[in-house]
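The listed protein sequences correspond, in order, to chains L, Z, R and F. The numbering used here numbers the first residue of the first sequence as 1 and each following residue consecutively. The numbering used here numbers the first residue of the second sequence as 1 and each following residue consecutively. The numbering used here numbers the first residue of the third sequence as 1 and each following residue consecutively. The numbering used here numbers the first residue of the fourth sequence as 1 and each following residue consecutively.
Be careful, since some hints might not be right.
What the hints assert, rightly or not - In the DSSO-like style, the derived pairs of lysine-lysine whose C-alpha atoms are separated by at most 27 Å in a straight line are:
#1 L:K448 x L:K364
#2 L:K364 x L:K555
#3 R:K91 x F:K92
#4 L:K441 x L:K555
#5 L:K441 x L:K533
#6 L:K28 x L:K448
#7 L:K555 x Z:K114
#8 F:K92 x R:K128
#9 L:K533 x L:K364
What the hints contain is simulated information worked out from the structure, not anything from laboratory work. Quantities reported herein were computed from a predicted structural model and do not represent experimental measurements.
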Amino acid sequence: MLKLLPLIPLFPLISSVLLMVTVGKMPKRLVAILGAGSVGLSAVTTLLVGLAFMESGQPHHQVLWTWMQVGAFSPDIAFYLDGLTLVMMSVITGVGFLIHLFSTEFMEEDASYSRYFAYLNMFVFAMLVLVMADNLLLLYLGWEGVGVCSYLLVGFWYQNPDNGLAARKAFVVTRVGDTAMALGLFLLFTELGTLDIQPMAAAANSQWQVGDTLPVLACLLLLGGAVGKSAQLPLHTWLPDAMAGPTPVSALIHAATMVTAGVYLIARTHELFLLAPPAMLAVALVGLITSLMAASTALVQHDIKRILAYSTISQIGYMFLALGVGAWTAGIFHLVTHAFFKALLFLAAGAVIHCLHHEHNIFKMGGLRTRLPVVFWSFLIGSAALAALPLTSGFFSKDMILLQAYELPTFGPWLWAGGLLGALLTAIYSFRLVFVVFFGKTQMEPDKQPGSRMAVPLSLLCVLSLVGGFFALPLVPLESVFPVASDHHPSHLIEGISIAIPLIGLAIAYFIYLSGQLNIDGLVNSAPGQMLKKFWFSGWAMDWLYDRLWVRPYKGLAYILRGEWVDVIYNSIVKVCQQLFVGLSHTQTGRLRWYATSMVFGVIVVLALLLGVI
Amino acid sequence: MVLVNLILILLVGGVIAWLAERQHPLLPRWIALITILFDLGYFLTYMSDLSWSQIAVVPNPTDAATWLFHYKAEWIPRFGISFELAMDGLSLLMVLLTLVLGAVSVSASWTDIKQRTGFFEANLLWTLAGVLGVFLALDLFLFFLFWEVMLVPMYLMIAIWGHEGRSYASMKFFIFTQVSGLMMLLAILALVMLNHSNTGVYSFSYFDLLYHQVGGDIAFYLMLGFFVAFLVKLPGFPVHTWLPDAHTQAPTAGSVILAGILLKTGAYGLIRFVVPLFPNEALAFSPVAMALGVAGIIYGAVLALGQDDFKRLVAYSSVSHMGFVLLGVFAWNALALQGAVMQMIAHGFSTAALFMIAGSLQERMHTRDMSKMGGLWQNMPRLGAVAMFFALASLGLPGLGNFVAEFMVLVGLFAVAPWVAAAASLGLIVAAIYSLMMMQRAFQGEPDEGRRLPDYGVREMLTMAVMIVGLIWLGLYPQPVLDTAQPVLDSLMQMVDSVTEPTQIAGLMP
Amino acid sequence: MLELILFYMASTIALVSTILALTRVNAAHALVYLILSLLAVAVVFYLIGAPFAAALEVVIYAGAIMVLFVFVIMMLNLGEKGDRREKQLLKPQIWITPVILAVLLLVELVLVLSQSAPAETQGLISSKEVGMALYGPYVLAVEIASMLLMAGLVGAYHLGRRYLEEGGGS
Amino acid sequence: MDGVSIPLDHVLLLASLLFICGLLGLMMRRNVIFILISLEVMLNASAVAFVAAGARWGQADGQVIFMLILAVAAAEVAVGLGLVIQIQRRFKSLDMDDADRLRG
């Protein structure tokens with residue numbers, strides 16, 4: 001059964017290539033079957049392989065062929081299956097299949113139906129390669145592959161230049177991180193002599209001591225890559241803009257899978273990070289600050305998808321926090337639950353947008369509770385899990401992270417407190433969203449209801465969001481991968497606070513946005529309030545900053561240099577020659593006597609030279 | 001004789017194509033295509049006689065008998081000039097690239113050239129013959145001869161069939177290459193003279209001059225003579241300025257040959273001649289060369305972003321990409337060298353394809369100005385998809401040939417000069433910026449509804465398919481290419497290592 | 001001694017008549033002086049032991065070549081107007097640079113001559129010796145000279161032909 | 001005639017002086033006929049030098065070269081005078097400064 005492993009990425013790849021080669025000539029029905037079906041097949045295969053893996057319990061390593069081999073540099077096209085990979089694969093194929101299914105209805109009216117599924121299948125392929133790669137170079141292939149698919153899908157509606165801009169921004173900003181990661185790979189290969197993850201970890205453990213400079217450097221470079229892909233500070237600015245793509249794309253790529261690739265990368269190379277405590281701390285701090293920044297930004301946004309985008313950034317910040325404090329399992333656990341509930345939220349948001357004439361502004365919605373009941377319940381459950389209300393999946397994972405953060409010596413309580421603040425903000429903005437969109441006065445009538453291909457994925461994701469954390473099912477395969485966390489439990493008070501915070505947030509949101517008992521208009525309209533709102537609304541003005549810091553200078557440089565300044569050198573040589581020509585042409589008088597005279601002069605000089613007179 | 005015939009077939013084919021124009025103006029393109037394919041087939045039949053074990057033999061660079069093919073005939077014995085051609089793994093790859101891209105360029109000129117088709121195809125074939133000669137010649141005099149032979153028809157192609165600014169561009173191209181060629185000629189002559197004064201024998205043979213230890217300042221200047229000639233051809237910063245003009249003004253087939261093949265002669269020369277002939281000097285010079293490489297990568301990328309002209313943009317991207325070759329050669333370790341060779345081939349495919357796309361756009365829209373394009377994907381989805389593929393290849397997407405090349409160059413370079421590698425990595429970011437900008441400006445955005453443009457047909461898609469398959473193959477299974485070049489590069493490195501102090505480049509280590 | 005005196009006299013005549021020839025206004029007058037100069041040089045040839053060269057100088061130079069000049073001058077028919085024109089052209093300011101250069105060159109030539117060891121001419125060289133040399137080792141030169149003369153002939157004919165066809169320069 | 005010989009230096013000096021006279025004429029005169037005459041003088045001067053050199057060594061080579069010079073002079077004069085006629089026809093003048101079409 002384990003031998004079936006290469007089939008899992010192969011199905012979507014074949015489907016994608018078929019769809020590309022036929023360039024839209026295929027009937028839509030067939031496209032839908034091929035597009036969603038291939039991912040479904042992958043999901044089933046993943047299940048079979050997963051069961052076989054659980055039985056054997058041993059990591060499975062399968063080499064397809066040698067990619068390239070030059071001396072010691074010999075990355076293979078090879079897959080490595082262990083608990084972590086299995087968890088990721090399950091999320092990708094499982095959630096991926098549901099989103100594909102949802103898309104078959106959501107994109108029905110689009111002219112480029114087959115192009116959409118070609119890209120989406122290609123994405124699933126690349127993402128699977130990313131998580132299944134046994135070496136960092138193949139991982140990098142998947143890593144860039146998902147980046148390209150993200151680019152293509154964000155710019156899917158390319159007719160609008162804004163979408164193209166957003167797509168380009170997404171690719172270029174992540175490319176900055178990718179380049180840092182590539183440098184990390186160079187460093188790792190140069191120092192350790194291999195890019196295969198398992199031998200590399202072994203080599204690192206034998207060559208490096210905890211706290212050496214090189215592992216810190218390597219880990220920081222890898223963190224650069226992770227930060228770019230996972231939209232963490234300082235490379236997070238692309239994600240909110242990436243919402244320009246179709247909403248199921250946002251659900252799949254920009255919520256459930258691709259953006260968590262950074263988390264996966266750090267978890268995958270956790271043995272390196274364990275050798276570099278400063279890098280670990282950096283991971284935790286990046287995560288914490290990002291989660292607070294994004295949560296505060298999400299509080300003031302109007303666009304339903306941007307709110308979700310910032311909440312994604314914020315939640316991935318939590319995962320980074322988890323990784324940074326060494327709570328590997330908790331981080332991946334949160335990744336999984338987040339994939340469930342955020343995919344659910346995005347799909348539900350997509351359904352709302354789909355049914356409301358592509359309206360994005362939440363303040364133009366309202367009262368949809370009765371109009372779109374399925375969507376309402378989905379959204380409510382998703383928000384509850386996002387806010388980590390007790391007994392939802394998000395609660396378990398977030399709780400785990402916060403408690404383990406508290407355990408960390410020195411910085412622990414601070415990180416914990418920061419995390420709690422983030423949790424409070426999360427609860428407030430998620431229920432702000434629910435209350436504003438689904439309660440209150442009806443402002444727009446939906447013109448259609450979600451069909452079965454939309455409703456089924458929504459309900460399935462609802463179930464997963466609710467009970468996904470209950471049994472801690474995803475945790476089982478991870479036990480063999482990560483070092484075991486300590487059994488020590490913090491006091492009940494700490495746990496109690498963790499539980500209470502989301503409820504407080506819910507209450508605040510209720511009083512502000514639903515009952516109106518808490519009026520914050522005065523606070524918001526005051527001068528500092530306005531400034532803060534503006535600052536938060538612009539995402540802490542990071543876009544503005546980068547525009548001034550990088551984009552404009554670079555474009556200006558390109559504009560200044562475009563005329564090829566180097567040519568000035570050559571043109572001046574030409575000028576000198578031309579001037580010489582003009583000057584010398586004056587000596588060509590056409591007069592015989594002048595020529596004779598100058599010749600005589602030359603003879604005299606030469607003779608004088610020969611005689612040694614001069 | 002195989003090697004001689006390879007060149008002769010093209011030369012004769014050119015003459016026939018020229019004469020055939022009198023019969024029918026469309027005949028020459030068929031003759032050109034058949035000639036190249038016949039040449040390719042002829043070569044492949046001889047290739048198939050070779051086994052992998054023969055290719056895998058590490059050739060002794062000083063002994064021609066260990067090479068795959070070798071041909072030598074006396075030419076001007078008094079000065080030690082002979083007609084000496086030889087092929088090892090490296091030249092084999094280059095010959096294959098030349099012939100494949102030659103066929104592609106004929107396809108690119110299929111409908112593009114309407115006047116004096118016979119003379120055009122003749123020039124095309126003669127250029128290819130000159131390039132093959134450059135890749136095969138091992139007598140320095142013969143090498144120089146072919147070096148010039150490939151220039152003149154190329155000059156004519158730009159000057160006669162070029163676009164609006166063709167006379168300026170062709171003159172600039174000619175002067176740049178000619179001046180640098182002169183420097184190389186002087187260096188060759190000086191090298192032969194020095195060899196004569198040491199050994200008393202005149203010889204232009206590569207094998208005789210190889211181990212020649214000139215030493216001292218003079219060797220440095222001789223190395224510089226060769227280096228400048230190849231740097232101009234590469235083209236490296238700051239002697240690249242002929243390239244954007246020449247590329248922009250050349251007819252499509254000319255751009256394909258220029259970008260795909262002619263630039264590679266510079267890279268080939270660096271690997272084959274500069275370092276093996278002057279190992280100590282070249283390695284001492286490597287910091288400067290690397291700096292030029294990095295400068296080229298960044299400068300080319302920045303300027304590519306600033307262009308409105310589709311072809312100019314691609315031309316500057318060539319400058320950027322060939323910087324990696326320069327880095328790879330002067331990092332001088334197995335990985336970086338392999339990366340440089342890979343880059344030569346992968347860049348040949350990707351850039352040739354981009355120039356073909358530019359040519360197709362010009363043929364259809366009669367402009368290269370991207371500000372007048374936009375939304376072309378809507379009009380020509382196949383062309384758009386192909387362009388997207390090659391734009392992604394050009395920005396170094398893993399899984400395609402360019403990535404393998406750039407990654408290997410950078411990994412190899414990192415071991416030698418980490419900071420240089422870090423600076424060169426910026427090229428990965430900026431490449432993404434200009435490539436995607438190009439896609440957006442030309443193919444995305446609001447389509448012009450009134451525009452009716454024919455999409456790619458079977459001929460064009462077939463041509464593109466060759467290059468797409470080639471790039472994917474290079475990206476996912478480059479091993480045959482690596483294995484072919486490996487023994488050659490190994491032997492060159494051994495030889496260079498045996499005569500250089502290992503501490504030469506220690507100054508670059510951290 | 002007589003030879004020496006004769007030599008210096010002939011040299012002086014040659015020089016003076018050359019200078020006079022080159023400073024004349026009228027071309028015909030100049031030619032007469034030039035013929036005198038050539039005859040004087042013929043005497044010099046005779047005195048340094050080259051009678052055959054002297055004869056040739058008289059026959060070909062002073063005879064044939066100069067006659068050519070005379071014909072052409074007659075054809076051009078310059079007359080008084082040309083003389084006046086020539087006078088205007090011989091202004092003093094155009095003398096200065098050439099004379100300075102000429103003097104410099106003379107100084108250099110004298111320097112060259114003064115560096116060589118003193119030597120004297122040796123006796124007579126008969127025309128037979130000249131003929132032996134000419135059709136011996138120099139036979140190739142004779143051929144070349146003949147070709148040159150042929151080329152000169154053709155060239156002169158070609159240049160003059162159209163003039164003649166158009167009926168003279170009148 | 002034998003016994004007394006003429007110092008070579010003096011003959012060469014004569015040749016130099018004649019040559020320089022011719023050169024002066026070439027540089028000064030604008031009339032194309034005088035330019036040709038100057039050329040003749042210079043050719044003749046060099047012939048003197050050759051003959052003198054031949055006499056110095058008692059060899060016939062000097063005179064052989066003299067004859068070649070004669071041939072050159074004859075050819076040159078023939079072509080030169082043809083040119084004179086053409087110049088007169090074209091420019092209606094024998095002034096060489098009028099024939100300055102080569103001016104850059």
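Checking against the hints above, which ones are violated? 2, 4, 7 and 8
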